[in-house]
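A.B. asks: Here are the chains, one letter per residue:
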Amino acid sequence: MKRYLSMLVMVVACFVCQTAIFPHLQLLHIMPNLLVVLTSASGFMYGRKLGMYAGFLCGALTDCIYGDVIGISILIFVIIGYVNGIANKLYFKDDLSIPITAIALSDFLYGLLYFVCFFLLRGRFTIFQYFAGVMVPEAIYTVIIGIVIYKFMYWLEEKLYPPEEVPLKAEGKIY
Amino acid sequence: MRKKTKITIDPKYILAVIVVFCLVVGVISYRFDEKMTPVRSAVGGVITPMQKGINVIGSKMAEKIDYITTMQRTVDRNKKLQKQIDELSAENKLLQQDKYELEEFRKLYDLDEQYAGYSKVAARVISSDNDNWYNSFVIDKGSQDGIKVNMNVMAGDGLVGIVVKVNKSYSRVRAIIDDSSNVSGTILKNSENCIVNGNLNLINEGLIEVSGIDGNAKIEEGAEVVTSQISDKFLPGILIGYVRDLKKDSSNVTQKGYLSPVVDFTGLKMVLVITEVKDSAELEEILK
Chain A
1 MKRYLSMLVM VVACFVCQTA IFPHLQLLHI MPNLLVVLTS ASGFMYGRKL GMYAGFLCGA
61 LTDCIYGDVI GISILIFVII GYVNGIANKL YFKDDLSIPI TAIALSDFLY GLLYFVCFFL
121 LRGRFTIFQY FAGVMVPEAI YTVIIGIVIY KFMYWLEEKL YPPEEVPLKA EGKIY
Chain B
176 MRKKTKITID PKYILAVIVV FCLVVGVISY RFDEKMTPVR SAVGGVITPM QKGINVIGSK
236 MAEKIDYITT MQRTVDRNKK LQKQIDELSA ENKLLQQDKY ELEEFRKLYD LDEQYAGYSK
296 VAARVISSDN DNWYNSFVID KGSQDGIKVN MNVMAGDGLV GIVVKVNKSY SRVRAIIDDS
356 SNVSGTILKN SENCIVNGNL NLINEGLIEV SGIDGNAKIE EGAEVVTSQI SDKFLPGILI
416 GYVRDLKKDS SNVTQKGYLS PVVDFTGLKM VLVITEVKDS AELEEILK
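Chains as they are written, first to last, in our numbering: chain A, 1 to 175; chain B, 176 to 463.
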């Protein structure tokens, strides 16, 4: 329950930062995607279910405030959460390589799904330009910011569930 | 908590349920958009005040960073602008004389000042889009301030975009540099029609696309483009930008090129919403 609540607070905080602070901190007209980081990190840290939950919240906020059609962003974020949840099996706490790879790949996946949903269907076919101009810089920036957020989530996790109280077998993370 | 026997559902099924849910909600919100307005307003009512508050911090930070990086540039520009002011004030005097003359002529022709006096409402930009694929932003005025969908938005004297979604206390504006934006424009000097569309690949260079200009028209570099009389959403005569690098396109029938907008979209803080919606019903009737 604590985890679900903390997730809700984090999603709202990230959404507000994303929309109100990062537009001022753009590099090359590109800003990082905190919501993808959050969804992806929840996925590989806590499993498919919480990944989807985080994705659902992120998508719902995006759609309600910016979307024309409610549902598309939810779908994209939920898929990202689910896919990252599969990586939960590979996740090992002290290693940064999984978070970095997962966040970068998630951002590409997000870009790709967005491109297909909103650009390809309008007849814009120049995917390589979008790839070089938007997706790659965004992924790099997102990974840099993502590590900070991931470290914070990791710290929060230790605070909420101190490791000695949770025996390894009953950890309840792998659903 | 932990001792309770939990009912565990395979996440696969949850995913399936969410996918179906999204499709249903998507169809509903596409078909009956107004049914979703209370949901949007409720969410916005919680989020937008936070955005407003945080945005202040964000813009302060940006100002500090800007202050450091642009000091030297500002000094240079200041010199250049000072020179420009001198030139312009001289030019202005001439123009003012012309204006009196024009007013006289207008009176003679019994023409009202059609474009000069659109009534406007100022609004603050409180947040930008949440990813890099779109260029829209949220302003802090909504239906309770008299904002309606399709109202034109300006900053300074240039066109910024159009209101696409209105909620009680906030509304969303799509910028003309957005990839899905199309504005029909007119080149001021020779009244050639053209289409101005945003392009995500050109945003970095600060440009948008202009196309559909008659292939035989001779257009100078830097010609002014304003919103067209025939546009069904944009009020006529609002400055959009200046033409650059026009070339004949592959069909050899029309010309296309770039347009540099007058508005600087990176530092947008205040915008003016024209509280007048173009009444295209009249136009449609004429066309019938």
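A hint or two may mislead.
Cβ-Cβ distance ranges computed for the label pairs, FRET-style [claimed, not checked]: (1) B:V192 to A:F131: 31 to 37 angstroms; (2) A:L8 to B:L363: 27 to 33 angstroms; (3) A:F125 to B:V202: 24 to 30 angstroms; (4) B:E209 to A:T101: 39 to 45 angstroms; (5) B:Q319 to A:F125: 23 to 29 angstroms; (6) A:K2 to B:Y242: 39 to 45 angstroms; (7) B:Q319 to A:I127: 39 to 45 angstroms; (8) B:A265 to A:L121: 24 to 30 angstroms; (9) B:S435 to A:F125: 33 to 39 angstroms; (10) A:L8 to B:G381: 37 to 43 angstroms; (11) B:R248 to A:L121: 38 to 44 angstroms; (12) B:N376 to A:T101: 24 to 30 angstroms; (13) A:F131 to B:V199: 31 to 37 angstroms; (14) B:Q259 to A:K159: 55 to 61 angstroms.
The calculated lysine-lysine pairs, modelled on BS3-like cross-linking and capped at a C-alpha distance of 25 angstroms, are [as the list claims (entries may be wrong)]: (15) B:K227 to B:K295; (16) A:K2 to A:K151; (17) B:K343 to B:K268; (18) B:K187 to A:K89; (19) B:K295 to B:K343; (20) A:K2 to B:K187.
Examples of chain A residues toward chain B, derived with CB under 7 angstroms [claimed, not checked]: (21) R3; (22) S6; (23) M7; (24) H29; (25) L75; (26) I127; (27) A132; (28) G133; (29) V134.
Don't read these hints as lab results, they were simulated from the structure. Remember, it's a predicted structure, so these values are computed and weren't measured experimentally. We treat Cβ as the ideally placed atom computed from N, Cα and C, and that holds for glycine.
A.B. asks: So, for every hint listed, does it hold in this structure?
C.D. replies: Structure-based check of all given hints:
Separated by about 33 angstroms at the C-beta atoms, B:V192 and A:F131 satisfy the suggested range of 31 to 37 angstroms. Distance hint for A:L8 and B:L363: a CB-CB separation of about 52 angstroms, inconsistent with the stated range 27 to 33 angstroms. Taking the beta carbon of each, A:F125 and B:V202 are about 27 angstroms apart, inside 24 to 30 angstroms as hinted. At roughly 44 angstroms, the beta-carbon separation of B:E209 and A:T101 lies within the given 39 to 45 angstroms, and the hint holds.
At about 43 angstroms, the CB distance of B:Q319 to A:F125 disagrees with the hint of 23 to 29 angstroms. Distance hint check for A:K2 and B:Y242: the Cβ-Cβ separation is about 42 angstroms, which falls inside the suggested range of 39 to 45 angstroms. The hint said 39 to 45 angstroms for the Cβ distance between B:Q319 and A:I127, and at roughly 42 angstroms that hint holds. At roughly 53 angstroms, the beta carbons of B:A265 and A:L121 sit outside the given window of 24 to 30 angstroms.
Range check, B:S435 to A:F125: Cβ separation about 26 angstroms, and the 33 to 39 angstroms hint is violated. At about 39 angstroms, the beta-carbon gap between A:L8 and B:G381 stays in the expected band of 37 to 43 angstroms. Taken as a hint, the range 38 to 44 angstroms holds for the pair B:R248 and A:L121, whose Cβ atoms sit roughly 41 angstroms apart. Between B:N376 and A:T101 the beta carbons are some 28 angstroms apart, a value that agrees with the proposed interval 24 to 30 angstroms.
Hint check: A:F131 to B:V199, Cβ distance near 33 angstroms, so the stated range 31 to 37 angstroms holds. In this structure, B:Q259 and A:K159 meet the distance hint of 55 to 61 angstroms, their C-beta atoms being roughly 58 angstroms apart. This hinted pair checks out: B:K227 and B:K295 have alpha carbons roughly 22 angstroms apart, not beyond 25 angstroms. Taking the CA atoms of A:K2 and A:K151, the gap is near 18 angstroms; set against the 25 angstroms cutoff, the hint holds.
Using a Cα cut-off of 25 angstroms, the hinted pair B:K343 and B:K268 is violated, with the two alpha carbons roughly 45 angstroms apart. With a C-alpha separation of about 16 angstroms, the suggested pairing of B:K187 with A:K89 holds against the 25 angstroms cut-off. This hinted pair checks out: B:K295 and B:K343 have alpha carbons roughly 19 angstroms apart, not beyond 25 angstroms. A threshold of 25 angstroms between alpha carbons decides the hint, and for A:K2 with B:K187 the separation of about 24 angstroms falls inside it, so the pair holds.
For A:R3, the suggested interface contact is broken, since its CB lies about 11 angstroms from the closest CB of chain B, more than 7 angstroms. Proximity of A:S6 to chain B is violated relative to the hint, the smallest CB-CB distance being about 15 angstroms (cut-off 7 angstroms). Among the interface hints, the one on A:M7 is violated; its C-beta lies about 15 angstroms from the nearest C-beta in chain B, farther than the 7 angstroms criterion. Interface hint at A:H29: satisfied, since its Cβ lies 5 angstroms from the closest Cβ of chain B, which is below the 7 angstroms cut-off.
The interface hint given for A:L75 is met, as the beta carbon of that residue sits about 4 angstroms from the closest beta carbon of chain B, less than 7 angstroms. With a cut of 7 angstroms, the hint placing A:I127 at the interface with chain B is violated, because the nearest CB-to-CB distance is about 11 angstroms. Interface hint status for A:A132: violated, as the beta-carbon distance to the closest one in chain B is roughly 9 angstroms, over 7 angstroms. Given the 7 angstroms rule on beta carbons, the hint for A:G133 holds: about 6 angstroms separates it from the nearest Cβ of chain B.
Below 7 angstroms, beta-carbon pairs count as interface contacts, and A:V134 has one with chain B at about 5 angstroms; its hint therefore holds.
Violated hints, listed in ascending order, are 2, 5, 8, 9, 17, 21, 22, 23, 26, 27; each of the other numbered hints is respected by the structure.
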